[in-house]
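> Sequence:
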Amino acid sequence: MATTSHSNGRNWSARIAEHNAELMAQQPLRRRRIRTPEHFLNKGFDNSRLVKAPDPTRLREMRIFGAAMTVLFSLVMVYGLQHFYAIESSYRVEQDKQRVEQLREDNRKLRLTQAELTEPRYIDAMAQKYGLRAPLPGQVIHDQGRYDVGAPVVAQMTAPQPAAPPTGQ
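Position 39 of the sequence shown, counting from 1, maps to 39 under my numbering, and the rest follow consecutively.
No lab work stands behind these hints: they were computed from the structure. We put the beta carbon where it would ideally sit given N, CA and C, even for glycine. Errors might be hidden in some of the hints.
As the list claims (entries may be wrong) - Pair ranges (Cβ atoms, derived):
id, residue 1, residue 2, range
1, Met24, Ala53, 56 to 64 Å
2, Ser13, Ala68, 46 to 54 Å
3, Val93, Glu119, 57 to 65 Å
4, Thr113, Ala134, 48 to 56 Å
5, Ala125, Ala151, 56 to 64 Å
6, Arg111, Ala134, 25 to 33 Å
7, Ser13, Tyr91, 41 to 49 Å
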């Protein structure tokens, strides 16, 4: 067996390959102490005349396996769709909750604005801003519930008369 030096310029993998080749060359001699010639013969196989025999057991097993895989795939897809719809509906519920909170806040602001606008001090200030003043005595006429029958009528509504039932002969 030859020893190699690290200083001869070859890389590590080349040295390992050379060492392995030496060991492989020595193996046949160690087993038999003689070297035997090796011959490789190429044989061509012609499988064109071979026909696969039908195997009903294997065919049945493959059909059962295919059906089982189809059922399993269908179950996984149904589960996946339900999971997707659950996530989507949870997002929708969260959006609806945010919308309800926004509407409550808007409603609160509108009630505050309504309370501010219906306050008598605010109404008086706005009336003075537009040049309005309190009515003088005699300008306001209160209705006492008496109506003048002879006064002109602007609009009048009369109740419809029910139709007379037909008389039988």
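> Decide, hint by hint, whether the structure agrees.
These are the hints, each one checked on the structure:
1. Met24 x Ala53: 56 to 64 Å: Taking Cβ atoms as reference, methionine 24 and alanine 53 lie about 43 Å apart, which means the hint is violated.
2. Ser13 x Ala68: 46 to 54 Å: The hinted range 46 to 54 Å holds for serine 13 and alanine 68, with Cβ atoms some 50 Å apart.
3. Val93 x Glu119: 57 to 65 Å: Since the Cβ atoms of valine 93 and glutamate 119 sit about 39 Å apart, the hinted range of 57 to 65 Å is violated.
4. Thr113 x Ala134: 48 to 56 Å: violated (26 Å)
5. Ala125 x Ala151: 56 to 64 Å: Violated, since alanine 125 and alanine 151 (Cβ atoms, about 38 Å apart) do not stay within the stated range.
6. Arg111 x Ala134: 25 to 33 Å: Roughly 29 Å apart at Cβ, these two residues keep to the hinted range, so it holds.
7. Ser13 x Tyr91: 41 to 49 Å: violated (58 Å)
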